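S.K.: Sequence:
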Amino acid sequence: MKKRVIDQTMSLLDNGLISLNAYPLPNCQRESYLSLNGKWDYFLTKKFSLDDLHFQKTINVPSAFKGKLSGANENLQIDDKIVYHRFFYVDEDFIKDINYLVVLGIDNYFTVYLNNKDQGSYRFFNSPLKIELTNLKAGKNEIIIVTQDLNEEYYPRGKQSLTPKGMFYTSTEGIYFPLFIESLPKNHIRDFKITTTLNMVKIDFDCDREILVKIYEGDELIFQKKCLNTFEHKFSTPHLWDVDDPFLYDVTFTCREDEIKSYFGLREISINKDDHYVYLNNKRIFLNGLLDQGYYLDGIVTPKSYSVYKEDLKYVKQLGFNCLRKHIKIECPYFYYLCDKFGILLIQDFINNSHYSYLKETVLPTVSLSYQERNTDSKRSFLDKYYFIKTAKNIVNTLYNHPSVIAYTIFNEGWGQFQAEKMYYKVKSWDKTRLIDTTSGWFRNGTSDFLSLHIYFRKISDVINKQPSIAFISEFGGYVYKEEGHIYNLANTYGYKGYEDNLSFQKGLNELYNEVYSNINKLSGVIYTQFSDVEDELNGLITYDRKVKKITDPKLISLIHKISNYGK
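In this text, residue positions in the sequence shown follow the numbering used here: the first is 190, and each later residue adds one.
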């Protein structure tokens, strides 16, 4: 792997952080929780055997292996396996009928051993995975997890690369999100699905027993009812969830010895078929957002703490944005909880796979509008389609209960695109409550809820005036300003338009957003590229180390607020 140039003094500030040991699934919280975060032993090997263990080094979990947070400081070869090991202790009263290891983020292939017994090998599909532990015991336990990134082209990988450069970033290996153990009674609630309207909540359960549902408005219990598989409640005076008032109802589900604490928000998102504008709770809203890659200096895809998420989202709100497009990456569950809590609308991208051509997928459609109209529904291999669809469905199932998630992006700029029309209806069959950007950027071959454009080197009016309907600019901007002392790679800079100083950078943004405002009735929303610098990319509104916020001009911030509030 090519060595990167980096200022090693850069590190995220530690200021009363929310620990990654906090319960990582706030919308499905149980008392049964044993965190396995912390120091593990590890070694690298080409071939693993329980008879050949030689742990000599320690690593921090969770963190992407190549990140500074991991503490590994060791080169990783393509065919290396990472062997993680630790002891942990379990109180006797913790153990119930069924014990699970819950994995939130790990290499795409891994094997688990508990107390020298093989617990199985697994594929990870970018959503929480529960693994039954057959021999957990009270007292001292020994766990080994062997991970490997198989680097298959057909496996969804997003922006990570073994040769990071430009818009591709350092690859992610190892255990990069929290993991924990929970112990549950035999007849527990296996899953639940919350669907809301403006005055109704419906909850579908996967459980074999009767469940008591309690709904709270603040501290007040407002409704309770027992049900078997489905619960419904109509509100006479509903308190809606929106960006200015992200109100969440608390709810508990009790099935004998099993109890879950969760929450929901009453809201609806829609596209008007006549005017093509976006409506939140039947009121027009302009989606004024940022592209959010979800990469962090110290941990690559792993934040130092949940407070990093919190501070990022606070900055988004302070600047006046109401939306984020989570770009080709699934985030740790706690991130989505904070978006629910803060009232930030989320467009979640699915994760690209298959062969990518920089020339055909990026350069030619960027410079030629006619090229954007070509038919790119190429034939993909069975494995390309299988892994993409399986991962996409997992993402939809995982995020279904989050009111902040309002839309999904299926394909980005043609990368891995296939059967766009069929994929639109397939995703709609999984989730009818959200919008779909089928082909973000170009290569529009089929149905979509958005006329989605990426505009970097043209005037906005020159492009949208040629469109048949209201457009959604799902990427634009990409302006570069280098903050001295906060540059990841001194040898390479990636972006779309450069500025020598912060004053001219903010002036350029002012002109850009004035252009947005001048054309606002021809748009349903805009997504600026991007929230933060990431490695070679220096087009963020905040530096990669999160130490310097590039936007300080009150007039620019006021304009961004004005755009977000348009039509209210």
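I should point out that these hints are in silico values taken from the structure, not numbers from a laboratory. Errors might be hidden in some of the hints.
Stated by the list, open to error - Below, in silico cross-link-like pairs of lysine to any residue (SDA-like), each with a Cα-Cα straight-line distance of 20 Å or less:
#	residue 1	residue 2
1	Lys472	Phe412
2	Lys744	Leu692
3	Lys235	Lys270
4	Lys738	Glu704
What the hints assert, rightly or not - If you anchor each label on the Cβ, the simulated ranges turn out as follows:
#	residue 1	residue 2	range
5	Lys617	Gly687	21 to 31 Å
6	Ile267	Tyr311	13 to 23 Å
7	Gln656	Lys228	48 to 58 Å
Note that the structure is a prediction, hence the values are computed from the model and not measured. Beta carbons: idealized from backbone N, C-alpha and C, even for Gly.
S.K.: Which of the listed hints are broken here?
M.R.: Numbers 1, 4 and 5, in rising order.
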